[in-house]
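Which chain is which? The protein sequence lines are D and Z, in order.
Going by this note's numbering, the residue at position 24 of the first sequence is 23; the numbering climbs one at a time, nothing skipped.
In short: position in the second sequence from 1, add 208, done, that's this note's numbering.
Hints listed in this document are in silico derivations from the structure and should not be mistaken for laboratory results.
Values in this document were obtained by computation on a predicted structure and should not be read as measured data.
A hint or two may mislead.
[Said to hold, decoys possible] Capping the alpha-carbon separation at 27 angstroms, the derived lysine-lysine pairs in BS3-like fashion look like this:
1) Lys234(Z) - Lys92(D)
2) Lys92(D) - Lys24(D)
3) Lys299(Z) - Lys633(Z)
4) Lys90(D) - Lys299(Z)
5) Lys24(D) - Lys472(Z)
6) Lys678(Z) - Lys668(Z)
7) Lys92(D) - Lys299(Z)
8) Lys678(Z) - Lys299(Z)
9) Lys472(Z) - Lys668(Z)
10) Lys668(Z) - Lys633(Z)
11) Lys24(D) - Lys90(D)
12) Lys24(D) - Lys668(Z)
13) Lys90(D) - Lys633(Z)
14) Lys24(D) - Lys91(D)
15) Lys633(Z) - Lys24(D)
16) Lys92(D) - Lys472(Z)
17) Lys678(Z) - Lys633(Z)
18) Lys24(D) - Lys678(Z)
[Stated by the list, open to error] Listed below are several chain D residues computed to face chain Z (Cβ distance under 8 angstroms; list not exhaustive):
19) Val21
20) Pro32
21) Asn38
22) Gly42
23) Leu49
24) Thr58
25) Ile81
Note that the Cβ used here is the ideal one computed from N, Cα and C, for glycine as well.
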Amino acid sequence: MSLTLIFGLYVFFLAAFTGYQVISKVPHLLHTPLMAFTNAISGISLVGSLLAAGGHYGTVSTMLGAVAVLAATINVVGGFLITDRMLRMFKKKGGAR
Amino acid sequence: MTLSLTETFVQLLYLGASILFVLGLKDLGDAQTARRGVLLAEIGMVAAVAGTLLYGVGVTQVIVRWEWIVVALLIGSAVGTGMGLWIPMTKMPERIALSHAFGGLAVGLVGVVEYLQHGGPNMSTLQITATGLEVALGALTFTGSIMAFGKLQGFITGRPVTYPGQNISNMLMIVGTLGLIGLLVYSPDASWAFYSVATLGVLLGVLLVLPIGGADMPVVICLLNSYAGLAAAATGFALGNNVLIICGALDGFSGFLLGMMMSKAMNRSFANVLFGAFGAAPEAKAVTEGAAPSGPAPNVGSVEEAAEVLRAARSVIVVPGYGMAVSQAQHAVRDLANILQANGCDVRYAIHPVAGRMPGHMNVLLAEANVPYDHLYDLDVINDDFTATDVALVVGANDVVNPAARSNQSSPIYGMPILSADMAKTCVVLKRSLNPGFAGIENELFVRSNTMMVLGDAKKTLMQFTAALKE
Numbered sequence: 000m001s002l003t004l005i006f007g008l009y010v011f012f013l014a015a016f017t018g019y020q021v022i023s024k025v026p027h028l029l030h031t032p033l034m035a036f037t038n039a040i041s042g043i044s045l046v047g048s049l050l051a052a053g054g055h056y057g058t059v060s061t062m063l064g065a066v067a068v069l070a071a072t073i074n075v076v077g078g079f080l081i082t083d084r085m086l087r088m089f090k091k092k093g094g095a096r
Numbered sequence: 209m210t211l212s213l214t215e216t217f218v219q220l221l222y223l224g225a226s227i228l229f230v231l232g233l234k235d236l237g238d239a240q241t242a243r244r245g246v247l248l249a250e251i252g253m254v255a256a257v258a259g260t261l262l263y264g265v266g267v268t269q270v271i272v273r274w275e276w277i278v279v280a281l282l283i284g285s286a287v288g289t290g291m292g293l294w295i296p297m298t299k300m301p302e303r304i305a306l307s308h309a310f311g312g313l314a315v316g317l318v319g320v321v322e323y324l325q326h327g328g329p330n331m332s333t334l335q336i337t338a339t340g341l342e343v344a345l346g347a348l349t350f351t352g353s354i355m356a357f358g359k360l361q362g363f364i365t366g367r368p369v370t371y372p373g374q375n376i377s378n379m380l381m382i383v384g385t386l387g388l389i390g391l392l393v394y395s396p397d398a399s400w401a402f403y404s405v406a407t408l409g410v411l412l413g414v415l416l417v418l419p420i421g422g423a424d425m426p427v428v429i430c431l432l433n434s435y436a437g438l439a440a441a442a443t444g445f446a447l448g449n450n451v452l453i454i455c456g457a458l459d460g461f462s463g464f465l466l467g468m469m470m471s472k473a474m475n476r477s478f479a480n481v482l483f484g485a486f487g488a489a490p491e492a493k494a495v496t497e498g499a500a501p502s503g504p505a506p507n508v509g510s511v512e513e514a515a516e517v518l519r520a521a522r523s524v525i526v527v528p529g530y531g532m533a534v535s536q537a538q539h540a541v542r543d544l545a546n547i548l549q550a551n552g553c554d555v556r557y558a559i560h561p562v563a564g565r566m567p568g569h570m571n572v573l574l575a576e577a578n579v580p581y582d583h584l585y586d587l588d589v590i591n592d593d594f595t596a597t598d599v600a601l602v603v604g605a606n607d608v609v610n611p612a613a614r615s616n617q618s619s620p621i622y623g624m625p626i627l628s629a630d631m632a633k634t635c636v637v638l639k640r641s642l643n644p645g646f647a648g649i650e651n652e653l654f655v656r657s658n659t660m661m662v663l664g665d666a667k668k669t670l671m672q673f674t675a676a677l678k679e
């Protein structure tokens with residue numbers, strides 16, 4: 000086993016536990032926005048796809064990378080917009096209509 | 209190992225992004241702060257993308273051409289904006305399924321590019337394992353989500369599709385996929401094995417979702433959410449990128465946790481949802497024959513009769529279900545509630561965790577119709593109040609109010625926590641027709657003496673109620 004893997008596993012499990020703590024406090028009310036939100040942040044795969052699309056590994060790689068950037072961007076932009084659009088609708092009694 | 213100034217800056221941007229994502233999720237725990245959470249995560253995303261571009265240009269010089277990056281970013285933003293602004297709230301489960309498909313596709317393709325560029329043999333054991341898992345999970349999420357989308361949209365049958373040996377063959381394919389990834393570790397240049405992993409992933413996505421019925425979609429959507437996250441985390445391991453690992457873990461566990469909650473709300477295990485083919489024809493038939501004697505006929509009321517009951521009511525609990533989403537009746541529900549409240553009637557809403565096709569589906573629809581969220585109550589909070597309530601108004605819900613879950617041990621939904629709509633003095637049920645619901649289970653609530661069925665489109669019926677009460 001490499002040290003990189005060990006470090007990676009530390010990061011993964013600590014993030015998972017943090018996620019568990021934080022997410023289990025999200026009320027049923029907000030579960031749909033939660034899914035849209037995690038969907039938007041999973042668009043972080045942009046980090047990988049940008050490097051693939053801009054690389055010099057041949058046409059196939061570039062094209063696949065570009066499609067990946069496209070798909071991830073749709074998720075990031077659409078995901079954040081739709082989460083916010085939903086959250087704007089949640090109002091308490093007496094709040095501005 | 210000391211990092212260059214630029215790379216230090218890049219890593220700090222990634223660290224900042226990770227912190228902002230966690231803080232954003234934390235803010236999402238309360239409706240008051242949730243929008244701030246979205247803003248924090250947006251800033252985090254901009255930081256991560258900026259960091260990546262800086263890394264690609266300034267540190268590794270990997271990024272040498274911009275045209276495709278710019279084109280894809282622009283088109284993606286345009287499509288994303290369109291989807292974000294104009295998709296109707298009733299189509300939210302479909303949009304979530306579709307976005308899981310995009311997520312899976314992106315991750316899967318990145319995995320293929322990694323393999324192409326490093327050319328197998330140059331990859332470390334960790335890299336090749338992570339890339340294999342990434343491609344398998346990405347492909348599975350992609351086709352699985354397309355299937356879920358198809359089932360929700362109705363161009364693939366919502367009924368479970370089963371065939372003999374289904375679970376065994378699926379299991380063999382999963383084992384085969386893992387075996388091929390193991391093989392790649394020892395001979396990384398076996399590109400046939402790599403592409404077989406991708407192909408098996410594509411097939412598994414289709415085959416694993418095929419036997420799952422429409423009513424189980426909430427669990428499937430959560431699981432696909434989880435797979436998309438785990439695939440992203442695998443990418444993080446392959447690229448040695450912590451922000452990917454962190455986001456993937458957050459996403460993966462969020463989906464997993466929601467799926468667990470949904471399964472629990474149906475009193476079923478994960479395994480049962482995934483491999484049980486709920487509502488499969490032979491099993492369900494055998495059960496329903498015993499469960500619902502063809503004796504008592506349902507008490508079908510007219511709109512006028514039901515409106516009279518509502519006029520006299522001092523307290524009403526609305527129980528929405530998937531039928532409300534289908535007939536887009538949330539605004540009609542709200543209009544009726546307004547009239548009732550003007551008459552001095554107390555109106556509340558009881559939301560079952562698995563009502564609808566995804567977690568929180570009903571809450572979003574009612575919020576869209578301007579129902580204040582403090583009028584929405586979870587099952588465990590409101591369930592004891594039904595006995596003291598004049599009218600339970602069931603709008604397009606079925607299984608979540610089926611008393612068989614309490615009393616009939618042979619029912620497939622026995623043990624599932626249900627809303628006690630049958631305990632109200634009168635239970636008014638809005639339903640399209642007397643046919644059994646999606647899962648094919650008879651509902652004895654419909655033939656109870658205190659139940660009044662009003663048949664027809666829920667939205668139209670509700671508007672007629674409102675008109676009648678206005679007189």
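Status of each hint after checking the structure:
{"no.": "1", "hint": "Lys234(Z) - Lys92(D)", "result": "24 angstroms, holds"}
{"no.": "2", "hint": "Lys92(D) - Lys24(D)", "result": "22 angstroms, holds"}
{"no.": "3", "hint": "Lys299(Z) - Lys633(Z)", "result": "34 angstroms, violated"}
{"no.": "4", "hint": "Lys90(D) - Lys299(Z)", "result": "21 angstroms, holds"}
{"no.": "5", "hint": "Lys24(D) - Lys472(Z)", "result": "17 angstroms, holds"}
{"no.": "6", "hint": "Lys678(Z) - Lys668(Z)", "result": "15 angstroms, holds"}
{"no.": "7", "hint": "Lys92(D) - Lys299(Z)", "result": "26 angstroms, holds"}
{"no.": "8", "hint": "Lys678(Z) - Lys299(Z)", "result": "31 angstroms, violated"}
{"no.": "9", "hint": "Lys472(Z) - Lys668(Z)", "result": "34 angstroms, violated"}
{"no.": "10", "hint": "Lys668(Z) - Lys633(Z)", "result": "24 angstroms, holds"}
{"no.": "11", "hint": "Lys24(D) - Lys90(D)", "result": "19 angstroms, holds"}
{"no.": "12", "hint": "Lys24(D) - Lys668(Z)", "result": "38 angstroms, violated"}
{"no.": "13", "hint": "Lys90(D) - Lys633(Z)", "result": "31 angstroms, violated"}
{"no.": "14", "hint": "Lys24(D) - Lys91(D)", "result": "19 angstroms, holds"}
{"no.": "15", "hint": "Lys633(Z) - Lys24(D)", "result": "35 angstroms, violated"}
{"no.": "16", "hint": "Lys92(D) - Lys472(Z)", "result": "31 angstroms, violated"}
{"no.": "17", "hint": "Lys678(Z) - Lys633(Z)", "result": "23 angstroms, holds"}
{"no.": "18", "hint": "Lys24(D) - Lys678(Z)", "result": "42 angstroms, violated"}
{"no.": "19", "hint": "Val21", "result": "5 angstroms, holds"}
{"no.": "20", "hint": "Pro32", "result": "7 angstroms, holds"}
{"no.": "21", "hint": "Asn38", "result": "5 angstroms, holds"}
{"no.": "22", "hint": "Gly42", "result": "7 angstroms, holds"}
{"no.": "23", "hint": "Leu49", "result": "5 angstroms, holds"}
{"no.": "24", "hint": "Thr58", "result": "10 angstroms, violated"}
{"no.": "25", "hint": "Ile81", "result": "5 angstroms, holds"}
Hint compliance for this structure: hints 3, 8, 9, 12, 13, 15, 16, 18 and 24 are not met, and every other hint is.
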